[in-house]
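Undergrad: Here are the chains, one letter per residue:
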Amino acid sequence: MPFLVPPELHCLARRGEELAQLSSTSPDLEQSKLSHPNETPPLSEFTSKNPANRKRGRASINGRTTATMRFSISRLLTAASIIFTPLLLQSSPVSASSSSQEPALSQSSQPASASTVISSDSEYHEQLVLRPLPQSALLASFNFRSNISVSAFEAQNFRFFPRSLGQILQYAGTRELHLRFALGRWDAESWGSRPWDGAREGGTGVELWAWLDAETDEEADQKWLILTNALSGLFCASLNFIDGTRTTRPVMSFQPEGDHPNSTIANTHLLHGTLPHEVVCTENLTPFLKLLPCKGKTGISSLLNGHKLFDATWQSMAIDVRPVCPRETEEGRGECVLEIEQTIDMVLDVDRSKRPRGNPIPRPPPAQDLKCDPSKEYDSDNACFPADYALGQDWSLTQIFGKTLKGTCPLTDPNIPPVCIQVPNSRHIFTSLGNKEVKDPSGNSRCYYLDPEGSFEMVLPPMSKDGAQHTAESELVKGETPLLYAERSFMGHGQERGGVQAILRNPSWDTEVEFVYMESLPWFMRVYLHTLEARINGQKTSYDSVVKEIYYRPAVDRARGTQLELRMVIPPASTVFLTYDFEKSILRYTEYPPDANRGFDVAASIITIRSPSNGKRVPAGMRTTSLLLNLPTPDFSMPYNVIIFTSTAIALAFGGMFNILVRRFVAADEGPEVSVKRMRNKAVALGRKVAAKFGRGGKEEGKKE
Amino acid sequence: MPSLLSSAFSLRRDPRILKIPPYLSLVCIVVGVVWLFLLPLDDYSRRTYISENALLPGQVHTYFGGSDQNVFRAYKNEVVASDIAEANNTEVNDKLEGILKGVGLKTGRQSFKYESRSWGDEYEGENLYAILQAPRGDATEAIVLVAPFRTVDGKLNANGVALALTLSRYFKRWSLWSKDIIILLPPDSLAGPQAWVDAYHDAHNPSTVSSLPLKSGALQGAIALDYTHEGRFEAVHIVYDGVNGQLPNLDLINAVSNIAGGQMGMGTALQHMYRHKNNYSDRLQTMLRGMLNQALGRATGAHSCFIPYHVDAITLQPFSANPGSGWHDEMALGRLVEGSFRSLNNLLEHLHQSFFFYLLMHRDRFVSIGTYLPSAMVLAANFTIMAIFMWVKSGQPQPGTKTTEEETTEGDGDKKKPAAHAVERELFLPLGLVTAVQFLGVVPLFLFNHAPASTLSPLFILITLLSPLLPIGINFALPSLSQTGRLTPQHYQLFHSFSLLLLGMFLSTLATLNFSLAFVVGIFSAPLTFVRPVQNVAVKLLSAVVLNALAPTTVILAASFYVGMDISDVLREAAFGWEVWGMYTSVIVWCVWWPAWIIGATVLLGNQSIAKEKTL
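Here the protein sequences come in this chain order: A and Z.
When we follow UniProt numbering, the leftmost residue of the first sequence carries the number 1, and every step to the right adds one.
When we follow UniProt numbering, the leftmost residue of the second sequence carries the number 1, and every step to the right adds one.
Because the hints were derived from the structure by calculation, they are not lab data.
Treat the hints with care, as some may be off.
No farther apart than 25 Å at their CA atoms in a straight line, the calculated lysine-lysine pairs in the BS3-like style are these [stated by the list, open to error]:
| no. | chain 1 | residue 1 | chain 2 | residue 2 |
| --- | --- | --- | --- | --- |
| 1 | Z | K540 | A | K439 |
| 2 | Z | K106 | Z | K95 |
| 3 | A | K376 | Z | K113 |
| 4 | Z | K95 | Z | K113 |
| 5 | Z | K106 | A | K354 |
| 6 | A | K403 | A | K354 |
| 7 | A | K478 | Z | K106 |
| 8 | A | K406 | A | K295 |
| 9 | A | K295 | A | K371 |
| 10 | A | K540 | A | K354 |
| 11 | A | K439 | A | K406 |
| 12 | A | K682 | A | K693 |
| 13 | Z | K155 | Z | K113 |
| 14 | A | K371 | Z | K106 |
| 15 | A | K354 | A | K371 |
| 16 | A | K406 | A | K297 |
| 17 | A | K478 | Z | K101 |
| 18 | A | K439 | A | K478 |
| 19 | A | K540 | Z | K113 |
| 20 | Z | K101 | A | K354 |
| 21 | A | K371 | Z | K101 |
| 22 | Z | K95 | A | K371 |
Because the structure is a prediction, the values reported are computed rather than measured.
Okay, chain A solo, but in the shape it has when bound (with noise of 0.2 Å):
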């Protein structure tokens, strides 16, 4: 990877196994490559100004590397001349409601969002809306997006739309796409429902759906190729490990964000995959940067640092490509856009994002500093229990991320504020000067428009706890209550069976919630369908009350996973365990990854909320965590041992056979006679060969004397 990564971040450096496969994969690649029809020799058009990406790409043809092979595929994209077009979006509205393009920050309802005009003006805008959690957490939520309209997609007249993945995805024909980069747990008991109702939140590592154009599944899977490997090259990701095995194809799960024409949409296949061991890092952030249109140079997006994002406490990176439609409007229709949605959230912790940089150790701090209970009987100068947690929170924006917000992205539409903070507004916050404040009416939410020059600092002061009015709602706005809280971990002990146990409970005293349960897992977790059991609340009930619909897809050796999607319906207040038993197969000795002793990562499990009364276009979901399966591991050195005991029993064996096979026996009195005296005769006559040439060598030189 060519991004360094600081050693106090403490990146897991990418598995050797993976860098090794890497090679193995790029033959498909090229492959992919060549066998395109609309291909013209790379580089014909190649507009980069960086000579050493040419080179690279050129280096590439040769297949040696897949680093290079990842930047040639995209360059070739760039030159590819694209006959189909598979974006053809008609005009047709498909009662699109705003209310799915709208940014779903349900506290800062916004005069001006960007689906209602779509004009040239709000082709892009950018905010960061900022939430302080209980016990010193604070989410961060940057959300970018932008519009192209169709007409100026398939022209390639790429504005604001980031060029790179335009063309990737006209190349792979994909309609829609969803990417994830995820890392980390959300707390949902302590910080309330996730951001965005969860719909653009991902399993750890790496997750990615998209609806591809294609006529039949030989042709989808073919272009989900393509579309993994490109995308693999762009976001420097191990995508292209997204095979049959880690593909699905989600019957229940998934619905089309953005508005597809009915005709359209029967030949597009929806195809999912995740990489549960992806370690998302510092080079998966630079290149999702690098397609906002100011890069992160100025804007909310300066704010975003690999050191800061990639410390917090959860993090979601997710990049959405939707067509959206407008509404019939009176004066007619509008033209239908491709819509990109960048979403960053982070849960960082604030007390360990404001140690600075060049300080980052926790250490102790002086006991002059401790704040302590006073309260306590025992308190004094050498005990004290502590209090700090209590305290609340107290940051600065500089603090937080590191760095000073640089005045507005000049391309961003100025009449969305770019920073809002869901404090109480009866909250003091400082701000530096030349910014505009609105509060919202809702009373929990404040926004600023920033002077787009200067730079903008934000302090939020610790309150005091003396006011009588002093309460945790004055304080904090207390998060909203998810629809469902999920759990899953896995039962059992011992390397034959296990079994998983999913703990789903709907927190909700009068609802009902109704939601799709999908496990994508790997083959060699041998799934017992007929041991799939819920309970609610403890008790056995049958089946059929809670689960209404089951989808199974069984896994196939080696070939695919299995998938089980199941749509569920859970009383209010009440707690289903979902538990199903699986066996552990054994793998074949190659297929062991070098550190098989870990485990292997079985991905997350995706949760489809489907609740009538939400109402919303894009439905709620959520991501248990991932899972790490230990499977029987043979000891690798056995076969090492085995080999050296077979070949020492051979060797020795083999020696004492040759040896008496060849050998000449012959009796003792038929040999040399070897006795004493004959050795004594032996050395006398050596004695006399040696004293005669010495004896001839003393006399030739009394000669020359």
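Following the hints, put chain Z in place on chain A, whose structure we already have.
TA: The following block gives chain Z in isolation, referenced to the frame of chain A:
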């Protein structure tokens, strides 16, 4: 070749060959014991080393200390105060949970209740645990820090609990954890952790142990703190024995001992050998103590119950060999835990590189299974050799009894060519007896695990007294079951043969699972190899006394007397271990050792009963 074969045949016919096996058996026993005593020598043991490169012990700076000590003192005050004020475990947990939640951890509680009549009082309590979620992690792996409220001796582990609380607060500040850290605060050291670890792996009985409300990923290692020592300490005692003699991966012990010795300048001790001079006798003593613990198979600390689940775990106990000496304080132990957790945090794979079967004799000396196993195997082989010998012998005409028995009346001609042809063996009675006695072992096993606690002690005395009478009874009863109405020497040879065969088989199998237990049982039953039906009354009496001195019941009584434990306590603990930990030592004693001894005693007393029968 033909000459070789013929010489082999002639050797087989040679009566001298039949004289060898008893001596061979004796040699096996001697070699087995001597082998064990050679192990502490430099030539037979090895220096320990870190096998897993990812551990990197002692390569990090540890920062725990400074003002954390003030926090530690405050927490210790809280722990001591809550222990005095609230007798109820739940109320103590309320207080501790408040502290853990204040730090920002997720907490969970689990109640458990183990009760059985066999150990009298019931073990009831509530485990409190907290999960420090890895800042960027994904609940796939976890490390456990256990601080039981009471240690194995029942003392208040105030320092340990306070240290765990302080460490959890300190660990929360770091962002480098790749695995979750679970802080487990069970009310006691023996039942609580077992309930928790069972429930974590869903191997619990839901009626007695409740499920865990909160879980994390696969456990990669556990460190328990047993810190009752007050004031400064000198070194750390590492307790590593697991239930049923299972041991943690040697890398874990080595890593901790390496961090303690290298980075902290803190000594480590094993098996209560606080003053280890690294000479032969100290090494031998450490090894024998380790073997004894392994043979007993009981839990020695809060870590023990983790090991059967393949979670490598140890307990750390600070100590001072000389009271008042030492300069390390609580923070030093905290830094040791910090360093060890940083090492475990580095692990990419589950600990698997180093040894799981070893005998430690010094903190940096060990013998691996390949070196020590032959000792127990040779010992077990002695029984098998003798069993084969007895089988062969039973197939030969009995020279001594020929004159008195009808079935071998072939005449004196046989004497000239012994072993010319085999005698038919009567198998039903020997097989039946050995099987019956083997299954009879289930009776004491069941009784001692299910009888009320108050009756355990009398019951044991009863069994102790019945055990010597049983062989006599068998000798009285059996002749009537025999076809001929009396027992021949062949019968005794076959009893002996089958019993020894089983014993040899059991012990060699057991040696691979629990070497020490197999070795101890092997040593105590070694005389069973040499028992014969003796005619001489004085010899018979003497042998019977010796044999009774080595009976399982006598040995258990003597051992409990030696360590100063009441026999009822021993039995209670055995019943508790069987029920809670799944400890199988009592199975070995009652179903392997005891039946073998009964048959051995029957064989020894054999002819006496025949003689009695004759006189009647």
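Undergrad: Next step is simple, just say for each hint if it's right about the structure.
TA: Here is how each hint holds up against the structure:
{"no.": "1", "hint": "K540/Z - K439/A", "verdict": "104 Å, violated"}
{"no.": "2", "hint": "K106/Z - K95/Z", "verdict": "15 Å, holds"}
{"no.": "3", "hint": "K376/A - K113/Z", "verdict": "34 Å, violated"}
{"no.": "4", "hint": "K95/Z - K113/Z", "verdict": "21 Å, holds"}
{"no.": "5", "hint": "K106/Z - K354/A", "verdict": "23 Å, holds"}
{"no.": "6", "hint": "K403/A - K354/A", "verdict": "12 Å, holds"}
{"no.": "7", "hint": "K478/A - K106/Z", "verdict": "19 Å, holds"}
{"no.": "8", "hint": "K406/A - K295/A", "verdict": "13 Å, holds"}
{"no.": "9", "hint": "K295/A - K371/A", "verdict": "42 Å, violated"}
{"no.": "10", "hint": "K540/A - K354/A", "verdict": "49 Å, violated"}
{"no.": "11", "hint": "K439/A - K406/A", "verdict": "23 Å, holds"}
{"no.": "12", "hint": "K682/A - K693/A", "verdict": "17 Å, holds"}
{"no.": "13", "hint": "K155/Z - K113/Z", "verdict": "21 Å, holds"}
{"no.": "14", "hint": "K371/A - K106/Z", "verdict": "22 Å, holds"}
{"no.": "15", "hint": "K354/A - K371/A", "verdict": "17 Å, holds"}
{"no.": "16", "hint": "K406/A - K297/A", "verdict": "8 Å, holds"}
{"no.": "17", "hint": "K478/A - K101/Z", "verdict": "19 Å, holds"}
{"no.": "18", "hint": "K439/A - K478/A", "verdict": "18 Å, holds"}
{"no.": "19", "hint": "K540/A - K113/Z", "verdict": "24 Å, holds"}
{"no.": "20", "hint": "K101/Z - K354/A", "verdict": "22 Å, holds"}
{"no.": "21", "hint": "K371/A - K101/Z", "verdict": "17 Å, holds"}
{"no.": "22", "hint": "K95/Z - K371/A", "verdict": "20 Å, holds"}
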